[in-house]
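K.L.:
In my numbering, the protein residues as written are 1 to 118.
Nothing false has been slipped in among the hints.
Per label pair, the in silico range of CB-to-CB distance:
no.: 1; residue 1: L62; residue 2: A6; range: 31 to 39 Å
no.: 2; residue 1: G97; residue 2: H10; range: 35 to 43 Å
no.: 3; residue 1: N9; residue 2: K70; range: 29 to 37 Å
no.: 4; residue 1: S81; residue 2: A35; range: 18 to 26 Å
no.: 5; residue 1: Q5; residue 2: C72; range: 27 to 35 Å
no.: 6; residue 1: F32; residue 2: G97; range: 29 to 37 Å
no.: 7; residue 1: C93; residue 2: K13; range: 33 to 41 Å
no.: 8; residue 1: S81; residue 2: A44; range: 13 to 21 Å
Don't read these hints as lab results, they were simulated from the structure. These figures come from a predicted structure and were not determined experimentally. Cβ coordinates follow ideal geometry from the N, Cα and C atoms, glycine included.
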Amino acid sequence: MIERQAIRNHLNKLSPEVYANLIDTSNSHIGFEKARMTVNTIMAKARVKNKKSMRYEANWLLECLNLRIKSCKVYDHLFRSGILPLPHPNTLCSLLGEMSLAMPEEPRLVNMFSSFFK
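Can you build the whole structure from these sequences, using the hints too?
P.N.:
Written out as structure tokens, the structure is:
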């Protein structure tokens, strides 16, 4: 536990430009943008003092929603174990409710998404 805190303190001292340079110097591959988004989200989560005050990017939330739809068990495992900084499933449900307000012309899409969370 002490090592984790020491690593977190060291990472908090580094600037965002250092993270960008670390990511830019890695090899390019198909999922490069998703990997960059994942690393940025992990670093943002490490800087947050209160885990309930985390703000996620829209693309990250869409990827989380996609993962939750593909496999609820995998999503729950990754969320509970803390491997990835995933939002709580209830957060995704509330976002789906907001989507229904934003897209009233597509109720079938919202119903399809919400059926995965029941």
